[in-house]
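Here's the letter readout for the chains.
4 protein chains.
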Amino acid sequence: MVSFESDYIAGAHPQIMKCLAETNLECLSGYGTDKYCGSAREKIRAACRCENADVEFLVGGTQANAVIIATMLRDCEGVIAAKTGHVSVHEAGAIEYTGNKVLELPERNGKIVPDVLAGYVADFYADGNHEHMVFPGMVYLSHPTEYGTLYTKQELEAIADNCHRYGMTLFLDGARLGYGLTSRESDMTLCDIARICDVFYIGGTKVGALCGEAVVFTKNNKPKHFMTSVKKRGALLAKGRLLGIQFDALFTDDLYFKISGHAIEMAERMKEIFAGKGYAFHIESPTNQQFVVLENEQMERLKRDVAFSFWENLDEKHTVVRFATSWSTTEEDLRALEAALG
Amino acid sequence: MVSFESDYIAGAHPQIMKCLAETNLECLSGYGTDKYCGSAREKIRAACRCENADVEFLVGGTQANAVIIATMLRDCEGVIAAKTGHVSVHEAGAIEYTGNKVLELPERNGKIVPDVLAGYVADFYADGNHEHMVFPGMVYLSHPTEYGTLYTKQELEAIADNCHRYGMTLFLDGARLGYGLTSRESDMTLCDIARICDVFYIGGTKVGALCGEAVVFTKNNKPKHFMTSVKKRGALLAKGRLLGIQFDALFTDDLYFKISGHAIEMAERMKEIFAGKGYAFHIESPTNQQFVVLENEQMERLKRDVAFSFWENLDEKHTVVRFATSWSTTEEDLRALEAALG
Amino acid sequence: MVSFESDYIAGAHPQIMKCLAETNLECLSGYGTDKYCGSAREKIRAACRCENADVEFLVGGTQANAVIIATMLRDCEGVIAAKTGHVSVHEAGAIEYTGNKVLELPERNGKIVPDVLAGYVADFYADGNHEHMVFPGMVYLSHPTEYGTLYTKQELEAIADNCHRYGMTLFLDGARLGYGLTSRESDMTLCDIARICDVFYIGGTKVGALCGEAVVFTKNNKPKHFMTSVKKRGALLAKGRLLGIQFDALFTDDLYFKISGHAIEMAERMKEIFAGKGYAFHIESPTNQQFVVLENEQMERLKRDVAFSFWENLDEKHTVVRFATSWSTTEEDLRALEAALG
Amino acid sequence: MVSFESDYIAGAHPQIMKCLAETNLECLSGYGTDKYCGSAREKIRAACRCENADVEFLVGGTQANAVIIATMLRDCEGVIAAKTGHVSVHEAGAIEYTGNKVLELPERNGKIVPDVLAGYVADFYADGNHEHMVFPGMVYLSHPTEYGTLYTKQELEAIADNCHRYGMTLFLDGARLGYGLTSRESDMTLCDIARICDVFYIGGTKVGALCGEAVVFTKNNKPKHFMTSVKKRGALLAKGRLLGIQFDALFTDDLYFKISGHAIEMAERMKEIFAGKGYAFHIESPTNQQFVVLENEQMERLKRDVAFSFWENLDEKHTVVRFATSWSTTEEDLRALEAALG
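Order-wise, the sequence lines are chains P, Y, C and W. The first sequence finishes on residue 351 if you use the working numbering, and the numbering steps up by one all the way, no holes. The second sequence finishes on residue 351 if you use the working numbering, and the numbering steps up by one all the way, no holes. The third sequence finishes on residue 351 if you use the working numbering, and the numbering steps up by one all the way, no holes. The fourth sequence finishes on residue 351 if you use the working numbering, and the numbering steps up by one all the way, no holes.
These are computed hints drawn from the structure, not numbers from a lab. You can take every hint at face value.
One copy or two, either will do: identical chains are not told apart, so a pair holds if it fits within one copy or between any two.
Here are the computed lysine-lysine pairs in the DSS-like style, where the Cα-Cα straight-line distance is at most 27 Å:
hint, residue 1, residue 2
1, 44, 312
2, 233, 44
3, 27, 267
4, 44, 228
5, 44, 27
6, 312, 280
Assemble the whole structure, with the sequences as input and the hints as a guide.
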């Protein structure tokens, strides 16, 4: 049985495990004040070429989204997201739990369309009665999106311009950021992301770590007493080293990009296999998640040998399923998939 | 430099690191549905001799407290805690953040006094106007307490009786439970805890794990759709294996109790060292945290060689400081402490 | 200057003012425990022919929505509403503030379409991964809707069937319920509403009262300790008499229906005036709110003599505006409008 | 039967009823934008001699407390209150419901002791570990207190000094402010209150209105988009006139002070009656609430003729009960009380 179920089916990249083992006996201070957290922060700032950035580590993506949104919005504000955004659909209402509304926009291939955003905000402020409405205070987008798609630099800059014209914060959820940056279709670097966005995070959990997301505040905009706000949300890790050591490893010798690049390489090979056998793609994804249309009988047969994820019912006879690659995907896995496809 | 700063200064117990390394390449399902989580649940149920218990894993103590309290209280209810309880003082208002009041009781040595609790609840219901007040719906206690002290079985049963008489849930925060159970003064076993309490957690973070707390619902009282409630609070780990593997290791061959017992042994030796040199204890603690009174000059000198925690100012010339042992404390550490004390 | 700006531009119906004045010196107990609240409850139960109904009074509509939704949803649940629903758009995020997600459905003329609802819920439960999503726990609808439109009995029953099949609560926001029940197009009585819905409220603020909404729980489903839950949300009035006396007056001698019927009569006459002069309606509304398309120049001229509400920009040259009638609308007002329209 | 049960047993002062009746047919804009709200704001600013004050109207005391505290605290902060403060005990956890902790201080006669406050804050900042604790961001006090007692100007200034030294907001709950200002023991005017406090409210509900509290922000510190924040909390009244007209009446010809002064006069006479007959007071209250110790048998007898409130059990044979005066208390009421006391 070979698995493409998700990009978090295996443990951590061996280099991360090695660092955790080597530092295991060191006595370190808690709550993210240790030297590895410090070193990881420094390396991330350097990788972003943003020397004033504030970098903080959180355990997971939903937690990062909830903490960032809740601490950066003003009382009268909500966060704009695509209707298919992770915060809109798959976080069990975590953003609303913090008291904040997600203002859902129609999407195209999982992406917010700059013009749709511009129209929404313009309409909002055109209507004199907006004191009874939630003010748009932030734009949330995921890059890659939940459909594996990417924003172009031009799109991201157009969205940022709109945000800044209206005093909104641009927040990029980078749970799978590595796969976006190393995609063959990417026209952005990590520095571009850091320059354009007001806050974003570099996903660890889905890019080789056991857990962890590195939040980057790029504009001297880290909320005051952020550690207390994190604690208040039950999100402060006592052994903060667990996050610091992992990100220190990920940002040493480009490991983060190597992991991501490997997964992209595997995904491209996987695409060729599917295409070669005449399978249709539900969406054109340039990253590590591929959405393939299967006939239902085909799907049932394939399940015996290959693990993958249900995505959605397409029609009575077809289903969309997801195949994901990661640091742990091997050529042998691809050969097994190819064989199983018959 | 030797450190007794806390029980979370080192990484994980080597046996845990070994299990994480050995299972690292296995493909496992996410969100706590993997086989190691399953195995850990089974072993914990067996250790508690509570075969119907529901066991769920959360990342940290404040998170566990916030999730448990918020999902188990009814709308009109709050949680009773000692004025010195962790939820009362040192969680940055995490319980209130979820919308629930902490009803603080005066304490004795960090413990809720059963008679004080009984009086509080009786008074509450004696007053006909309680519809404008927060109903006491749960009792939170930590065992060991924040002062390292322990409830006796008789005390815990008296508190439980009071809870059940008034329909309240008894919740025990066991962030350091192992040290309580292996203390020389303990008259309770894990089975007693599971029998008496309605819900409790077995702390991992402070007892040898990298992170993780195992929440045990003992009375078929796990909130419905608990996974969704956990996700809603940003507390669901994608790689749930990280918690399952660690607790599976901790509950194999009594590792949890061995770790705890070692720390207690080291703490007892440390007490002898302090006592032998004439130091006063601020409180009589039978567990792994020791609270020692130092003259301020003495304290400054000692800081050069030994790391410990500030606890509180006693008077102008004296300070209470905390020395904690853990799985990583060695005899060599104790000798270094002894030497440094002069 | 004549005003059709809203249905809350005037004070209370004179009969209500009379009752407030007559009872003003009576000593009454607070918090909704007085005899007028009791009498109003009894009369509302009788009017609904639902003798077991629990009736509670709240001050305003957003408050009623927020309290009802927050106290009736389970932790994993959210509330379904039309994308144009009051809770979705015009309550400044009050539902999300209580921690609950509004699940927005596409609408037709402001109404939830029964088949769209059925499809949404069926899809939700078809998807095996719904533990990461907000469960649909309640359907919120307004009747009349924000566009003045009405559900038919058949539609409401279809929605109720769907709710009950999946264990969802059906909640009807009746801020303008009287106008719905007395509309010429209504095929439902108050008894039908009470029989079909699980909870609803009878709006006072917009139907002749100074303030106040009467919440009716029809299925022995009033949340336990509801008074405490109301207090906890800052929504409990000390002089509860203010609400009780008003609703007692409204449900004496059918005043509620007389007020509503008068406004409908005035609205129908107003429609004739607009139609007679060739104005277009943006939507076909059978209740007291009429949405008329005006050329922008026309609109500016009309503003000098008549007050009305901006609704939305239709195109560059046309605007949709709202004219509302109420208990205080007179034939003289209509003549003034007619004259102003030229 | 004569009633001293509370200061909200009767309707509104006749002058308020008269104003409501006289303005009833006027067409006014909603949500607090009408001319009576404007006029009331202006009169309150003048009465406070604080021409830049922002004045906003809310419906009730708990609502005012919850809205003010939630909109003025920063994320890491909580509000300090006396252990007997209204927000601490009798608001069903309304402050915690908004996510904010009430930091309870020991009290003396219902009052925060300036030195105790100073010590608390100094201790907080002395402890280097306060990042895990809720920061004291505001001091809440009620004047008169829940025990009818008053702060002296010196005490209030000492508290204010402490607040401002540490960047905390001083918030005074004036639900019964009129009775405080007209007490024979008061050494403060409304101008003093406005000068010393950062925000406070002038209670209407308990001082002659049907409902309503006038919140006064004295230091250009009204939260931005406050109307939206009020709406978000379900606290915005559609017919805002109801509050504006009442406060306009209360601040015309000193009505607010006349009402208060009358109640104080009645309370002083009542005190003489009790004292003359040898009854003991539980506390020395200089305002409109009197706390009298009754033997339980005496209490049962008195209940037949006089309504009063249970306060607390003193011992097995004695109970503390409360007698309150208000605008509606008459000399005849006092004679009836005297007669009933025998």
